[in-house]
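Visitor: In case you want the letters, here they are:
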Amino acid sequence: MATAEHETAPPQRRELKVSDEVAIQLIDMHKWYGEFHVLKDINLTVYRGERIVICGPSGSGKSTMIRCINRLEEHQQGQIIVEGVELTNDIKQIDQIRREVGMVFQHFNLFPHLTVLENLTLAPIWVRKTPKDEADKTAMKYLERVKIPEQADKFPGQLSGGQQQRVAIARSLCMNPKIMLFDEPTSALDPEMIKEVLDVMIELAEEGMTMLCVTHEMGFARTVANRVMFMDGGEIIEQNEPETFFNNPQSERTKLFLSQILSH
Amino acid sequence: MADALTKHEPGEHPDLPAPTASTGIIGWMRANLFSSPVNSLFTILFAALLIWLVPKLLNWAFFDAVWTGSSAKDCLTSPDAACWAFVSTRWSQFMYGLFPEAQRWRPDVVGAVLVLALVPIMFERVQFARLVRGAAILLGPIFVVLLYFAFAGDGVQGWPFKLIILALAVVALVAAQSAFPRLQRWLVGFLMFVFPVIAFLLLLGLSDDAVQAWPYWLMGLSAVALAIVALLPRHAKLTDWNMRVSVALVILFVIWGLALPSNWTVGLVYGIGAAQSQGPTVIIAIAAVLTLLPIAVIVALLLAPRTRSGVLDRFVMSCILVGVLAFLGNMLLIQAWDPIRGDSPPWAMAFAPAAFAVAALAPWGYDRGAGLPGRIALALAPLYLLIAYWVLFGPPDFLNLGVLDWQANTVPFFRGVQGVLPYVETPLWGGLMLTLVVALTGIVASLPLGIVLALGRRSHMPIIRTISVVFIEFWRGVPLITVLFMATVMFPLFLPEGVTFNQLLRALIGVALFSSAYMAEVVRGGLQAIPKGQYEAADALGLSYWKSMRLVILPQALKIVIPGIVNTFIGLFKDTTLVGIIGLFDLLGIVQAGLTDQKWLAPNVPYTGYVFAAFSFWIFCYGMSRYSQYMERKLDTGHKR
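Here the protein sequences come in this chain order: G and Z.
Going by my numbering, 1105 is the number at position 174 of the first sequence; the sequence numbering is gapless.
Going by my numbering, 32 is the number at position 50 of the second sequence; the sequence numbering is gapless.
Incorrect hints may appear among the rest.
Here are the simulated distance ranges between beta carbons [as the list claims (entries may be wrong)]:
no., chain 1, residue 1, chain 2, residue 2, range
1, Z, Glu614, G, Met1071, 25 to 35 Å
2, Z, Gly171, G, Ile1192, 20 to 30 Å
3, Z, Ala0, G, Asp1121, 34 to 44 Å
4, Z, Asn14, G, Ile1022, 51 to 61 Å
5, G, Lys1072, Z, Asn484, 52 to 62 Å
6, G, Ile1192, Z, Ala0, 52 to 62 Å
7, G, Asp959, Z, Gln510, 31 to 41 Å
8, G, Met1071, Z, Thr25, 51 to 61 Å
9, G, Met1071, Z, Val451, 56 to 66 Å
Here are the simulated lysine to any residue pairs, SDA-like style, with alpha carbons at most 20 Å apart [as the list claims (entries may be wrong)]:
no., chain 1, residue 1, chain 2, residue 2
10, G, Lys1023, Z, Met531
11, Z, Lys541, G, Thr1046
12, G, Lys1063, Z, Glu614
Read the hints as simulated data drawn from the structure, not as lab findings.
Note that the Cβ used here is the ideal one computed from N, Cα and C, for glycine as well.
All chains, full assembly: derive it from the sequences and hints.
Guide: Given below as structure tokens:
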């Protein structure tokens, strides 16, 4: 299993390919909630195959930033370009981007009225117009990858938190996204379930998925990320390779933050 | 307690007394009826009350009641008990109002169709589908034969039978189509789109105006055919395609059948119908079977599970099969032609069904996802027919109505229908039938309208939101009686002179709009209960607004508010009695009207009448209530935390 390999042979990330094709580009992006300036002049370029971990204190705008990328939040200024398509108010472009960008939420947000399998096939059938048989097959493939094929016919409410989050990841993958956004995927989980979710994410990273991950799992950041980013007060304070980031942080705020979360 | 606290060495504690019995009748009574002195007192009091009351009620309703009789005199034989004779003599009036007696089969048929279509939707499908599958396989052939005899039947007397068979045919077809998980969806579609038309036509019948308006009927039918094509979702399954294509083409075929000069009309129905009167029976029977077989084959193909062979194979095979069978059938018909018509048959007409079959089957070549090309092909299907016609019969002269005499064929047809379904004007409608018409229309209209209004009220678009809010607040703020009064008295003032608007229709619209406002607020409650994450997840997956509403949000929201929805339904059902205000006789109204009859002036008759009305309403409302509880249990996916 992938996890076991990881424990024995940790950072292989340099061998993970990062191409020089741009996947996401945020240019001078600002966002306000009313008077409150949530995101200030964000500039970020994500290359295909990158695994970026974003951390920062709560309220720093990290979730808001990745939610802007698939238009769950609207930005007010600047440009967001995803897979060559600029996010505007044009519904078509938004839909186009959403089809390419998968998202995993803190609270899973599975559809409780549908079975696990139906959760997975809903979007492929209705958005991608995949025939049902085919969608079922793909769904089962991904359920196997997240190691819960036997739960296919259960309802989300009957699963544990970790299982639900894995279903949520599989649900996103069923749409064949080019980019995956993770919004604190393990924060709502019991400690013993965090690992099973992280394992899935690690496996995904190994396959070369472009990932943006808001998380406080610093172990994950160390082993998987090729770039770690620290945000505070709506700004990107610092970003660097994980080793440099953790061992030799540049800014005072980063140091403080790291000391707080790593101290316990 | 003190004893329990006394210290004992471990293992030294004396045995506690055995717990009091908590099982069995005694245990149950002890737990529920005599758990405390007060409880015991109330139990005894209520028992006494029941002992006093129940026999009285039973005596009133059953033992002392008058069951037979024809006037107040009979009722007076037992003045302190119910006089059911009043209800039984007026039963049919209570049910149908003043609906002409000879026509009462029509509401019956409507009711039967409604029940037939509704039951499979309402209850768990597994067992039922099996039942249907078995019935479809066993009864299918019998049904085909019945269909033939239905059309072979003679004159007006045969028509009710034919219509019943046809109505059953629709249901059976739809049911047989699936033995299959889609049964419910089809039936829902049938109830939403087809049933209202059937019900409307059957209950109202054809007025002279309607017959005169025959071009509009044809246009309307064509529009329906085109709409079926247009509404095809791009990702429609093969079976959907086939079904809809067939439906559309059958409609077009009927129109064509009507339009063609009668001596050329060899269509399935017309040919047989014409032949049966004079032709040699055996030949015609065989011809009929062979002509009907293509239909059976089409149906069979629709029913067939996906074959391993490709779509194209299926397409070619079905073309050949249908073509050959139709050809044979019509050759035989041509054999029988001479004695019937006297003139010589156009030999080429034998090819017409084959051409028809090819045209009908051409779009089958397109698999799901065919999208626009498929639609175009489908839209062109009538054109194929035209071309086939052209090739076989020479260029059709559309402008010359003498050759293509629509009127000469159509008006008699509608007159024929009118003979079977004479116009029954709505003031004659009444009783339970009217109550159900008003209530069901209100229920069916208010739910979708309410959903749209609820969504509108939560919309980000200010105009839509404002319209919804104004609509909801207006209709919620006005008493229903006022609405009905306004509809009757004030509404005509706004209409131009000479334009009239049916009284019942006005009431129906009033009731529907009124209840939709209530429904909107109930549904909105459900929408607000859905966590934001559900909307976001649906958005993030790329579902469009309407899809996310339909597939993700509304199923959950409506489930939550089932009690509220049914509450509104029940309120609406009982509010239908208010149509009495504007001179319509619903169940309560007709009972009340019966009470004023001099023949039935007896003290116990009003009680009987009101109890009967109340009980009738109660049955329906209680039914709805029970059903809502069943639905809640069924839809519970155990996701409550």
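Visitor: Given the hinted pair G/Lys1023 and Z/Met531, is their alpha-carbon gap at most 20 Å?
Guide: Given that 20 Å is the threshold and the Cα spacing comes to 18 Å, the pair holds.
Visitor: Checking one constraint from the list: CA of Z/Lys541 to CA of G/Thr1046, max 20 Å. Satisfied?
Guide: 16 Å, holds
Visitor: Given the hint of 34 to 44 Å, check if Z/Ala0 and G/Asp1121 actually sit that far apart at their C-beta atoms.
Guide: Hint holds: Cβ distance 43 Å, inside 34 to 44 Å.
Visitor: Would you say the C-beta atoms of Z/Asn14 and G/Ile1022 sit inside 51 to 61 Å of each other?
Guide: Given range 51 to 61 Å: holds, Cβ gap about 60 Å.
Visitor: Straight-line Cα separation of G/Lys1063 and Z/Glu614 no greater than 20 Å?
Guide: 28 Å, violated
Visitor: Take a look at whether the Cβ-Cβ distance between G/Met1071 and Z/Thr25 falls inside 51 to 61 Å.
Guide: At 58 Å between Cβs, range holds.
Visitor: Is the hinted range of 31 to 41 Å satisfied by the C-beta distance from G/Asp959 to Z/Gln510?
Guide: 37 Å, holds
Visitor: So does G/Lys1072 sit 52 to 62 Å from Z/Asn484, Cβ to Cβ?
Guide: 59 Å, holds
Visitor: Quick check on a hinted range of 56 to 66 Å for G/Met1071 and Z/Val451, using CB atoms only.
Guide: 46 Å, violated
Visitor: Check the following: the C-beta atoms of G/Ile1192 and Z/Ala0 are separated by a distance inside 52 to 62 Å.
Guide: 59 Å, holds
Visitor: For the pair Z/Glu614 and G/Met1071, does the Cβ-Cβ distance stay inside 25 to 35 Å?
Guide: Once the Cβ atoms are compared, 31 Å apart, the range 25 to 35 Å for G/Met1071 and Z/Glu614 holds.
Visitor: A range of 20 to 30 Å was offered for this pair. Does it hold for the Cβ distance of Z/Gly171 and G/Ile1192?
Guide: 57 Å, violated
Checked against the numbered hints above, the structure violates hints 2, 9, 12; every other hint is satisfied.
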